[in-house]
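Chains as they are written, first to last, in our numbering: chain A, 1166 to 1510; chain B, 309 to 461.
Calculated directly from the structure, the hints in this document are not laboratory data.
Being a predicted model, the structure only gives us computed values, none of them experimental.
Be aware that a few hints might be false.
Stretch by stretch, here's where chain B covers chain A in the computed footprint (C-beta under 8 Å, at least three residues) [unchecked claim]:
id	region
1	1183-1197
2	1231-1237
3	1253-1261
4	1312-1326
5	1386-1397
Restricting the straight-line Cα-Cα distance to at most 30 Å, the calculated cross-link-like pairs of lysine-lysine (DSS-like) are [said to hold, decoys possible]:
id	chain 1	residue 1	chain 2	residue 2
6	B	442	A	1258
7	A	1420	B	442
8	B	457	A	1249
9	B	457	B	442
10	A	1258	B	457
11	A	1249	B	461
12	A	1258	B	461
13	A	1470	B	402
14	A	1470	B	372
15	A	1429	B	442
16	B	402	B	412
17	A	1470	B	412
18	B	442	A	1249
19	B	372	B	412
20	B	402	B	372
21	B	412	B	315
22	B	461	B	442
Cβ pair distances, simulated, as ranges [what the hints assert, rightly or not]:
id	chain 1	residue 1	chain 2	residue 2	range
23	B	411	A	1469	29 to 35 Å
24	A	1377	B	461	47 to 53 Å
25	B	448	A	1391	45 to 51 Å
26	A	1387	B	373	24 to 30 Å
27	B	406	A	1433	43 to 49 Å
28	A	1429	B	352	33 to 39 Å
29	B	409	A	1278	26 to 32 Å
30	B	373	A	1428	47 to 53 Å
31	B	409	A	1262	43 to 49 Å
32	A	1256	B	447	22 to 28 Å
33	B	371	A	1193	45 to 51 Å
34	B	456	A	1193	17 to 23 Å
C-beta: ideal position from N, C-alpha, C; glycine also.
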Amino acid sequence: MAELPIWQFDSLFLIVVLLFGITSLAMQNLMSAAIVFGAYSFLMCLIWTAMGAVDVAFTEAAVGAGVSTVFIVATIHNCGVTAKPMNSRIGFKLFAGAIAVGTGAFLLSALPDFPAWGDPQSPVNSTVAPYYIENTIRDAHVPNIVTTVLADYRGFDTLLETAVVFIACIAIYSILRVDSAKSTVDEPDVVTSPPAYDPTDSLIIRQASRIMVPFMQIFALYVIAHGHYSPGGGFQGGVILGASVILLCISFDLKFVLRQWTEKRIMILTALGVLIYASVGVACLFMDGNYLDYGVLDSILPGDKSYARYYGILLVEIGVGVTVMFSMIGIYMILASNGRFRQGL
Amino acid sequence: MEEIVPKLNYIVVVILMMTGLWSMLAQNNLIKKCIGMAIFQTGIILFFISIGAKDNASIPIVTKEPVNQALGQAHAPEGSQPPAKPELAKPKAKEYPNPPNVNKLTNPLTQILMLTAIVVGVATLGVGLALAQKVYQQHDSFDEDVILKNQTK
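For reference, chain B alone in the conformation it holds in the complex (with noise of 0.2 Å):
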């Protein structure tokens, strides 16, 4: 167990794309098949995505952080009233981290990939359903072996 959790991931994408795969090869359906490619596609970019996650990190986008205490201090003295409100007085300056903690932010690199990867996968999957429902148009069946058959006659 200790072995199998850190790489789960890894065999949740291989029996994902083995489904896919097989999906693809042997089911009679065409819309079957268009599903089992889909479920292949999935299985590459979950395996993109979890090579791209890091332990207790957060998501691809910088926030701004208060800027460092000596600045703030240097700062609050030029104020009139320091002692009387200090949370009021001295409102933090936010600013961009420069340059962002690397640990801290997820890879965007492997994310941007994959995000593309599926509008363009929506696109393949929509020219085999159109494909499919050519196909039916002619034989009026997505079955494989019906579709086989009428060929062959």
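Isolated chain A, as found in the complex (with noise of 0.2 Å):
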């Protein structure tokens, strides 16, 4: 194991990854701490890319370092940015530190039971897993497994998966929203003193931005056509569609996007996305087969029963890219503006 190069990078990689967790948490500038969160997402994905996890290390990639950061940015902007020292409750403190060590030391103790670090013997990958690899081109015809076993052999988690982010979307809805007609009070429309220069009106941001929009969109379009064939698929596509329109509304201002994609749209088409996932689910249901049994589809789509499946994936993840897609920008619009809806980042 330690002749092999690749390896020492991951070990590099794993104790660089460490680092960057413990200092993110020790910052005092809030700003600083969601920045150094983001640093330590992408070379998170490094380590799977190297661990031949491709798919999840895009979808960290996308999610995140790029929208968890911007989340919490968001938050951060509404909000104070320092912290305070920790200096009070220090029992408290040591407590919980105990609490944390000792959870450490049990799970440690179980380490001489763990197979070796990519051991093909282990029992994780020499008993379920086999079976995918062997029977997901002869079933469904998609060379990418984690495609087919995302949306077809474990289609029903995906369904409820796409559901969570649905319901994580109307949840922070009901937790954030302000009516703004009722509470025009407490903030005011028209800002009295605007700064000397403001660095969100910057004509080269706008610039870059309007053009990188149309192709960050094609790209998305790509990830979630071609995720049959290559690392992608509804998650990773819906999340990039989701980040072009939130750098619309970072660079130029929410009311622009917002006289496009109206609070109401957004959460139409993000129920819509499950509604489509569901009906694929309803359609096998009528053609006699099993709820998410893309097979007995054939009758409606081209191809034999293995290429009826390889459609029904496909249209599985543009209803999860769809939810995915809207929730993201909602979840960032009401974050960004308070719950008010009006003024963003």
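With the hints as a guide, bring both chains together as one complex.
The following block contains the structure:
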């Protein structure tokens, strides 16, 4: 194991990622903490790519490093930036430290029982997983095994994950949304004294993002449509589509985007994605099959049973993409505008 | 060192989880708690990905391979000019291997479980941040001490 250079790189990355995580928690300035956390996520992507998990790394690069950093920054923008130094309740902190160290020691005591890193014969790698590797081409003609397992073999799982994203979007709305008609008092419509140099009003940033957005969206559509053959799929493509609109929100203004994508439209489209996914399952029921068993759709889709699964996966991925895209936009808008849907970041 | 390096991933996972757990329990700042939650989560994801990794294995995407030479030889004499340009005369037909070599592809199952976990993770992070923002609106601070003091007043 130790003689392979790639594993040494992995070890190096693992130690650096650990340092980044601890640094991000130790920083006093919350904005710096958010950015270091983004860097931590990107390093994590490198580690996962080196371990062969390209789909996961792609998702983490789009979601963990991209969108979650933006969410944290949007929250901090509306609230305070500096964290106070922690000098109160030292006893409780030591107690919490003891709990954490105790848990860690308990987990590490199981270390000798675990298989070595990268062992192909470990129980995880040698029991269930070979079935998926061997049968995915025969069943669905999709070379990317992760896509097949995601949308076909474990279709129920993904349906409910999509529903979770939708529900989270609704939850954030119910927590933060303020009817702006009722609360005109505490936020003035017009900023009374604009700063001498307004960094949000930069011509360069506006024009650059105006040029970038169409390319981002084409790339995202490619990621969704080509998820059968390469890393990607509905989650990643949806997040990139959402990020392209979030970029417009940041570089222009929230109002600029709200002219096209009103709040109501965003919520309807978020629900529409889950509806697309669920209705593919219902269509399978009507064709005399089980729920989400795309093979029975071969009478209305081109090709035989395995190609019906291929197209079924594509339909489902589109549904996932729509939900993820609009829930990301919705969550960003509500976090950035403090629930008022007026002015953003 | 010989014993540590093959299991370094588990040690890093445990340290990341300890950091995240301590941060969720002991940090005063609500945003730091949310970041701690995310770090705890990436620790778990790293655990799943690293137990699914295999030595000398590629990404879990099946690639087409040239069909075995016996088939190519059988087709070659049918072409009119086999000796002239051998590499052009018999273009190698590529097919998906059936079944693919299990040891050459990393475990897809742990990856798919974690892929959905990441997306749900950002949704829960969003809910956490929304709650923190709501708390800030009422108490004008992310600091736990200030919030507790305001509540006991």
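### Task
Starting from the hint list further up, note which numbers the structure goes against and sort them upward.
The structure conflicts with no hint, since it agrees with every one listed earlier.
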